[in-house]
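S.K.: Protein chains in written order, with my numbering: chain A, 1 to 101; chain B, 1 to 147.
Calculated from the structure, these hints are not laboratory results. Hints may contain errors.
[Unchecked claim] Capping the alpha-carbon separation at 25 Å, the derived lysine-lysine pairs in DSS-like fashion look like this:
1) Lys136/B to Lys87/A
2) Lys78/B to Lys87/A
3) Lys6/B to Lys64/B
4) Lys136/B to Lys126/B
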Amino acid sequence: MAVEITIKGEVVTACLSGEIDHHSAAGMREKIDEAIDCNMPSILVLDFGGVSFMDSSGIGLIMGRYRNLQKIGAKMNITGASPQISKVLRLAGMNRLAKLD
Amino acid sequence: MQIINKFNMSLFARSANEGFARSCISAFAAQLDPTLEELNDIKTAVSEAVTNCIVHAYREKLGKIYITAEIVEGGVLKIRIRDTGCGIENVPLALEPLFTTVGGERAGLGFAVMQSFMDSVRVTSKVGKGTTVLMKKRIAPRITVNG
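The following block holds chain B by itself, in its conformation from the complex:
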């Protein structure tokens, strides 16, 4: 599929960047003229993926998060969020709602939110190498009524 527009960024896995990443993707996705609900879905999914990198992939370490977003033919937004952190041993288990490896107040709903709010979510991971989350969402063109 033809790529119409694309951007890359890398940022430190600092929690202050969660909001920054959401804003960047949101501004980029705005080109597709999404509804407010669609835009919020994208922001929420990105927030979850970026938080996972900070909380799970790097934990106490300050690593880098690599984000690529593409607008492809047919109004599809593709977002890839990658880390080079600890990796996930058992991806299907990690995708289970309420599963979490950290204590405290993580709800274990990050992937459930991504899966529910995006059209598709693919997670690939290698222990010790890192994790990549690829998410897609099609933004349907809005019907405009004249007069």
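Pulled out of the complex, with its shape left as it was, chain A reads as follows:
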């Protein structure tokens, strides 16, 4: 489980890697929230390119960050989702919350 944060202007990108489940989601949540709090971005990009597995704990992770971003008027983009992750995202209707690439 890892989160790597890159900042470019008002865009904060969180590159996630490993497996996202209930066990790993809490640590990821802390790192992403810290990056949001410190940088107040206008867009948060969640890059799932390095994620090999995600269950509905990942949906909780996305929804929680989405709520935090709403408070500061920021948007969320989701990118790099594998077919397995896309299937979970679609089931949860995440395409209605964020832009999926």
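Mind docking chain B on chain A? Use the hints.
M.R.: Leaving out everything else, chain B in the frame of chain A:
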């Protein structure tokens, strides 16, 4: 239906075991030569069921999770995930998408994922006794083309 292969395991309801349980079932299911998508469906469903035991059934308690998987005639994988935790008061309500009893960041989608990714899901529960989730998925034999 005739059981072709079977395994049992019990493990502590620790979150570190979520990945371990997924890997075990995945390795067992590989005998049916599933597609990558089928294998991912099974892993995701198992992850949800095991997480439910940890987050809901036992909460702050360290209980045990009992997993049985069977390969039965006709290429069907049967997975039973059982706990002896608090039980579910209202099973139909618990099965509703987005319903959750815990706050924080649980999406309330665990059973919806299991139902969507497996062919069938049956939940039996008794308050104070525990919950059993029985899931089935048929892995269709792959058509091989020669030459």
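S.K.: Next, verify each hint and record whether it holds.
M.R.: Consistency of the hints with the structure:
| no. | hint | result |
| --- | --- | --- |
| 1 | Lys136/B to Lys87/A | 19 Å, holds |
| 2 | Lys78/B to Lys87/A | 22 Å, holds |
| 3 | Lys6/B to Lys64/B | 20 Å, holds |
| 4 | Lys136/B to Lys126/B | 21 Å, holds |
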